[in-house]
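Turn these sequences into a full structure, and let the hints steer you where they fit.
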Amino acid sequence: MPEKYWWLILVLPLLSAASVALVLRPFRAVSMGVSLLSAWVSFAVALWGFWSQAGSPESVRWMSVGGLSFQFGLVTDGLAKVMLLVVTGVGALIHLFSTGYMSEDPGKSRFFGCLSLFMFSMSGVVLSDNLAMTFVFWELVGVSSYLLIGFWFEKPSASAAANKAFIVNRIGDFGFMIGILTVWSLLGSLNYTQLQSFANDGRVAAVPAGLLTVAVLGLFCGAVGKSAQVPLHVWLPDAMEGPTPVSALIHAATMVAAGIYFLCRVFFLVELSPVALSVIAGIGGLTAIFAALIATQQDDIKRVLAYSTLSQLGYMVLAVGLGSPAAGMFHLTTHAFFKALLFLGAGSLIHAAHHEQNIWKMGGLGKKMPVTFVTFAIGTLALCGCPFLSGFYSKDAILIVAYETNRTLFWVALGTALLTSFYMTRLFVVSFLGEPRGDGAAHAHESPWAMTLPLVVLALLSIVGGYGSAITGALGLQGLPHTHPMAAVGGSVAVFVLGSLAGFLVYRGAKEEKITFKILKSKFYVDEIYEVCVVRASDAIAAVVGWMDTWIIGGVMVRGVALCASVTGQVFRIMQAGNVQVYAFWFALGVAVMLYWMMGR
Amino acid sequence: MIPTLDHYLVLSALVFCIGLAGVVMRRSLIVIYMSLELMLTASIIALAAFSRFNQSLDGQVLVFFIITVAAAEVAVGLAIIVALFRQRKTSHTDEIAWLKF
Amino acid sequence: MNTVATTLFLQKSQEPMQWWNLPEVWWIFVGILLLLLEMLRPRRNSASIAKASIFAFAVMLIASLGWPTGLETTFFGGAYQWDGLAIFFKRIFLIAGLATTWMMRKCEAQGIQGRDEFYILPWFAVAAMGFVSSVGDFVTGFVSIELLTVCSYIMVAFYRSDRFSLEAGAKYLVIGALSTAFLVFGITILFGTGGSLRFDQLANSLASGHQDPAVTMGVVLVLVGVGFKLAAAPFHWWAPDVYHGAPTPVSAFLAVASKAAAVVFLLRLLIGPFAPLWTQCQQVLLALAGASLLVGNLGALSQRDVKRVMGYSSVSHAGFILLGISAGSQPAMLSVCYYLLAYTLATLLVFGVICGMIDKTGGSLMRQFNGLAQSRPGVAWLMTIGMLSLAGIPPLSGFFGKWFIFASVWQEGMYVMVFLAGFTAVASLFYYLAIVRHMFFEKPADGRAISSGLSFGYQLLLVVLAVATVAVGLVPGAVQRAIYALIFNL
Amino acid sequence: MMQEYFAALVQVAAAAVVAGGALAASVILGKIGARSKAKDTPYECGLNPEGNSNPRFSVKFYLIAMLFILFDIEIVFLYPWAVVYADMVKESWVIFGSMALFQLILAVGFVYEFKKGALDWSR
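Chains as they are written, first to last, in the working numbering: chain A, 1 to 601; chain B, 1 to 101; chain C, 1 to 490; chain D, 1 to 123.
Incorrect hints may have been included.
What the hints assert, rightly or not - Listed next, the in silico PhoX-like pairs over lysine-lysine satisfying Cα-Cα at most 25 Å (straight line):
1) A/K108 - C/K443
2) A/K108 - A/K155
3) B/K89 - B/K100
4) A/K155 - C/K443
5) D/K116 - C/K51
6) D/K60 - D/K116
7) C/K360 - C/K443
8) D/K115 - D/K60
9) C/K51 - D/K115
10) A/K155 - A/K361
11) D/K60 - B/K89
12) C/K51 - C/K360
None of these hints come from the bench; they were simulated from the model. Computed from a predicted structure; not experimentally measured.
Okay, structure coming up:
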């Protein structure tokens with residue numbers, strides 16, 4: 001029964017994580033080996049599954065609530081297979097990279113244990129065949145991301161970032177759960193196959209449009225949290241506090257793409273709600289341009305890449321919202337390659353420059369690190385959409401779709417592409433060319449083979465990834481454009497040339513920032529706004545009342561929030577006064593109110 | 001005048017309210033505790049009356065149990081209050097408020 | 001000896017049970033025996049009574065596996081009912097009693113030498129709760145609830161040299177007696193209108209007269225009494241203070257066993273005398289649930305003491321349980337039982353860790369747990385498992401408990417309550433994670449590492465609880481089916 | 001419309017009258033006659049009170065009294081038992097056995113308090 005091998009993809013990382021956590025932790029090298037092995041074997045299984053066209057294994061009965069039983073089953077259609085290849089493939093390469101990057105870290109065992117846990121939960125998200133299971137793995141992904149962002153928990157900023165990521169994600173997940181429950185109460189099933197058949201035979205179309213929109217938007221909430229779309233994007237840039245391989249794997253290539261994958265998975269529901277589609281497209285476009293603008297003014301190499309990731313995720317969401325999940329998945333795949341490449345390249349730079357992350361203190365690294373230099377260049381070009389590299393094709397697909405369906409969003413997407421070329425060129429020119437501007441950069445040297453090998457492999461993939469008709473063909477999704485209008489293709493090439501040229505000319509030989517927009521530098525003050533009304537996490541009650549206020553009243557009364565917080569605190573303080581007689585009074589008052597209320601009706 | 005069920009019930013309600021008022025208004029733990037016993041007594045009055053007028057002995061059985069349980073509760077309660085008084089030299093409720101919000 | 005063994009380990013036969021081998025009779029017998037042992041033994045040696053008590057709990061827990069299931073019968077003229085619901089709760093009480101006594105054994109350093117009643121009181125309390133779970137009329141109900149309450153008073157105030165313990169005892173006493181007064185008055189009114197104290201007879205007579213405002217008054221007053229034991233807002237005022245001041249094992253006992261007893265009493269009332277008055281009860285329960293969710297979660301947010309946080313947290317969990325009960329369907333009842341099991345395990349785990357650490361950290365303030373992960377990583381992880389389960393993070397059992405309750409409430413169409421509960425569940429993350437943050441991400445204030453280990457047995461207890469918390473979450477379906485089969489006699 | 005609120009109005013009025021009346025009564029009645037120190041003593045005409053009005057007793061009195069009440073109260077179960085005993089015992093000895101068991105449990109309690117020294121006056 002070869003179908004059973006699919007389970008290996010779930011079981012191996014879980015075994016690895018469990019054995020590292022329980023037994024192997026003191027033996028750092030062994031833990032590392034076990035984790036590495038599990039990642040590569042999973043990748044091999046995924047490859048085998050992709051070529052052998054193996055079907056889904058039998059599902060296992062899992063639990064039942066209220067007459068409804070859930071199956072614990074795996075879905076292995078084209079979409080899942082492609083995503084699985086991306087996850088395990090990039091994951092395996094990053095495991096290899098980490099053996100070099102983390103070689104001196106005392107918490108190496110813990111790191112690899114968490115990484116295996118992540119691989120387990122991420123594969124689970126991809127393979128789940130029903131919403132309930134997806135939700136469970138979805139939360140698990142959040143947990144492992146929490147553990148990895150806070151990996152260097154000695155740094156207060158890291159633990160704060162981990163908490164922020166977790167809590168912001170939970171807010172999205174709350175909407176997600178509402179969405180799942182709505183779907184269940186509307187359709188009585190959570191299984192994707194069954195839901196798909198309901199969508200085909202018109203049973204979904206029969207439910208009230210408003211409720212369906214609520215359901216889809218609820219599910220979208222989950223994706224907004226996980227894929228860091230506006231307004232829940234605040235956690236992703238902060239998540240860069242984690243080790244760089246983690247940023248590459250989780251916060252660029254796989255986990256943040258889970259939202260897009262999930263939207264494609266339930267696209268048959270999404271497409272039936274036009275309102276939800278336009279909301280999704282709008283949020284995607286907004287995120288894309290918004291994050292690109294911020295990226296032009298960041299100084300920390302990982303933050304530039306983080307905002308760039310946000311922007312590209314916005315692109316993918318935009319594609320889904322415009323009715324073309326195939327284009328979104330295509331971009332997801334190529335983006336996974338070149339963004340992982342860029343992050344690992346950045347990691348290599350940071351490693352070489354003795355943990356210097358400010359690009360203005362780098363410079364001149366091109367000559368000292370030839371492999372990193374060349375591969376990073378390829379990644380940059382791919383991201384900018386240089387013709388004949390992978391990014392060009394996938395980005396073009398989205399641009400064409402936008403061109404054909406919604407001109408406003410087309411211009412937004414084109415503008416984003418222009419900004420992308422600009423800020424990536426800036427990043428590249430400032431950090432690799434010119435003279436070294438810092439001690440770390442002056443004494444840099446090339447990284448070991450375990451780190452450069454994944455760079456080379458990913459660079460090759462970034463070049464050829466766009467030609468993978470095998471990938472797009474296997475997806476089995478609708479919406480990949482077949483025409484190539486000159487306006488879209490030409491526009492895309494034009495903005496690439498324009499943006500790169502502008503970036504090159506402005507920043508060639510620059511020693512400091514040439515253009516300053518305060519509002520961009522400070523990221524549109526989003527964090528500050530959140531800070532004022534929400535995330536003053538030390539005073540948690542202020543945060544909660546803040547959320548209530550933002551949600552219920554509409555988030556306009558920044559002053560009201562502080563007032564509310566102190567009032568709630570005061571009320572509790574007065575009522576819980578410590579005097580037992582006061583308690584007796586409240587108790588009796590409670591009885592009286594309850595009696596009055598019940599007998600008055 | 002022959003007392004009817006209503007008379008007993010009104011008496012019971014009055015005693016209950018007096019007890020409740022005592023609990024909420026008096027400051028000494030001992031007096032509060034006496035008021036609480038008064039509230040139990042109110043139930044006893046009502047139960048006995050109901051038993052008498054409903055021609056059922058169940059209520060009187062419960063009366064016995066309430067009396068016994070109240071005695072046990074008082075024993076434990078007074079022990080705690082006396083220990084507290086010895087420790088803090090006070091039995092005023094507003095001075096026994098170290099545990100609060 | 002042979003006959004004792006056969007009596008204790010009841011065979012799963014259909015032959016009728018006798019009153020003298022009901023578990024509560026045995027439990028009370030053990031309690032009295034331990035009391036005699038305590039006063040008649042020649043030398044004061046604390047350990048022996050504690051060990052005997054723990055051992056006896058373990059034996060009784062094993063013996064509970066032999067109870068006849070699938071059998072519905074009554075004793076003492078209907079005052080005592082034996083059925084699946086009772087069995088489920090009796091086992092929960094035994095687990096709680098075992099864990100609590102074990103924790104009490106850990107507290108010997110704190111000034112209770114030579115006062116071994118501490119280890120014997122749980123027996124009477126557990127027996128009282130056993131009667132509550134089988135209650136068939138209001139006389140039994142009242143007496144057994146009061147027995148439980150009086151035992152709790154003594155246990156809460158047991159550290160009589162500790163100012164907090166005594167103050168907590170006094171507060172519990174006053175509010176407890178107040179709630180007793182309301183409960184008794186409610187019972188009195190129901191007796192007056194229904195003419196009986198038996199549950200089955202009351203159900204018949206109340207069915208005809210449910211428009212009578214006096215009936216409503218009686219129902220509300222009885223529910224107030226239950227609400228107090230459950231620590232449901234607005235009758236929760238005692239909970240934070242008492243949980244904070246009481247000896248830690250006793251806080252655990254109140255949080256788990258006492259609450260479970262209230263839950264089963266409520267269920268008995270709802271399927272018994274209050275069944276005809278369901279719509280009215282549902283109103284009350286929903287109001288209590290909503291208030292508890294808000295008060296519990298918002299109140300916990302600005303607390304700085306772990307035990308106090310657990311006090312508010314127990315209020316919020318009471319809210320979840322009440323929410324599940326107010327859904328009123330069969331799946332909802334199942335969900336409540338599952339939730340209670342998950343809550344029991346996680347809460348015992350958390351209190352177990354607090355109890356094991358409190359003399360080493362010097363207190364239960366959050367900052368006194370700073371840096372626990374560095375010096376005692378194992379303990380910190382156990383605590384984290386408990387906290388995450390309480391917060392409802394998958395795949396721990398707490399998550400599925402919440403999920404089941406949400407699902408069954410959603411099925412009944414009470415969407416607003418699901419939103420409210422979901423919102424408060426998100427809010428609850430702040431304070432549960434705050435404790436985790438203190439353990440993992442904060443430096444110890446005085447740079448002092450928390451040293452000295454726990455005994456092997458105690459570690460075993462904690463690990464077993466943690467494993468159970470995880471395991472119940474990993475196989476929610478199987479656990480749920482087992483509970484279903486037990487409760488609905490399949 | 002107004003009639004629905006009539007009851008509430010009456011309630012408010014009654015509450016106001018009672019509350020106001022109590023205040024007014026204490027003000028009016030309290031001012032009758034001149035106040036002097038002698039008027040505030042417990043016995044206006046008689047001996048001057050000496051010492052504290054609530055002298056303190058030894059806690060031992062309280063302990064013994066409490067223990068007495070605890071055992072005394074169990075009598076309430078013996079009375080009804082005694083009333084029906086003669087009739088019931090003809091049918092079965094259960095009525096005897098159950099009371100015997102009850103007394104046995106009480107006896108354990110008594111032995112316990114004795115052993116703990118609660119009845120030892122000199123302690």
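- [ ] Compare the structure with the hints numbered earlier in the document and write down the numbers of the violated ones, lowest to highest.
- [x] Checked against the structure, no hint fails, so every one of them is satisfied.
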